[in-house]
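Based on the sequences and whatever the hints tell you, model everything.
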Amino acid sequence: MPVASEDLELALSLADIADAITLERYLAEDLAVETKPDLTPVTEADTAVEQAVRERLATAHPGDSVLGEEYGHSTTAASSRRWIIDPIDGTKNYVRGIPVWATLLALQDGEEMTVGVVSAPALGRRWWAARGLGAFVDDGLSSEPRRIHVSAVHELGDAQLCFPGLDDWDDAALDGLIKLGRRCWRSRGFGDFWPYMLVAEGAAEITCEPVVSLWDLAAPQIVVEEAGGRFTDRAGVRTADGGDAVATNGVLHDAVLELVGR
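Numbered according to the working numbering, the sequence shown spans residues 7 to 268.
None of these hints come from the bench; they were simulated from the model.
Any given hint might turn out to be false.
[To be verified] EDC-like mimics (lysine to aspartate or glutamate), calculated; alpha carbons at most 16 Å apart, straight line:
1. K185 x D164
2. K185 x E264
3. K42 x E118
4. K98 x E40
5. K42 x E15
6. K98 x D164
Here it is, written out as structure tokens:
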């Protein structure tokens with residue numbers, strides 16, 4: 007079995023662990039919620055998931071580094087491999103009872119994301135990819151997971167744009183986003199992991215975010231790319247660590263960057 011497949015199997019098992027924790031506490035009346043220094047919420051489920059994933063990785067791959075949203079970076083000098091964890095992407099949704107949230111898990115080897123899993127148990131959906139092996143979704147609609155592909159739409163006028171909230175866009179970038187939205191066939195506000203998965207599935211063609219972190223993007227990047235799409239920062243650099251992001255079906259990427267790039 008290729009190494010990437012073994013790592014993917016581990017990542018999927020980590021997602022199973024995470025789902026069990028997040029679902030147990032979702033909609034709980036006594037859910038403990040605190041505010042981090044950046045004024046974003048963190049729940050007991052966020053911390054419990056990251057702790058459980060780190061414990062499993064320490065047993066399965068003690069030589070690998072780990073970067074997590076809640077507990078930072080644990081470095082192992084002997085390895086080029088790093089696991090990247092967002093225990094709950096969409097914590098504000100989780101707290102408010104909105105089912106659009108997911109655990110994001112990725113493996114980075116050197117400069118490349120090699121494995122990614124996006125697990126959204128309240129939606130009954132899980133996406134995953136491994137470098138060179140394609141991207142897949144298990145949505146419960148068929149007996150087997152299905153391989154996913156970006157759309158073949160090649161005109162902005164036929165494209166669907168997804169974007170998160172407007173508050174993080176500066177005036178110049180917001181003006182570009184509005185121009186982009188007016189040129190597209192349709193625009194809808196979907197945030198967090200969800201629009202990247204819509205692009206990967208071919209349900210939408212474009213998404214972009216002005217402020218975002220590596221743990222938000224590592225898993226979506228490989229899923230989008232393995233589905234045939236293109237994933238960069240707003241400067242057009244292929245990275246999940248640029249502080250912002252643009253993901254498209256690939257065909258439309260340059261046209262999108264002309265409007266929302268930096």
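Right, here's what the structure says about each hint:
1. Proximity of K185 to D164 is assessed by CA-CA distance (about 15 Å); at most 16 Å being required, the pair is judged to hold.
2. The suggested pairing of K185 with E264 holds, with an alpha-carbon distance near 11 Å, which does not exceed 16 Å.
3. For a cut-off of 16 Å, the pair hint linking K42 to E118 is broken: about 30 Å separates their Cα positions.
4. Simply put, K98 and E40 have alpha-carbon atoms about 12 Å apart, close enough for the 16 Å limit, and the pair holds.
5. Of the pairs offered as hints, the one joining K42 and E15 is violated, with about 32 Å between alpha carbons and a cut-off of 16 Å exceeded.
6. This hinted pair does not check out: K98 and D164 have alpha carbons roughly 32 Å apart, beyond 16 Å.
Checked against the numbered hints given earlier, the structure breaks hints 3, 5 and 6 and satisfies all the rest.
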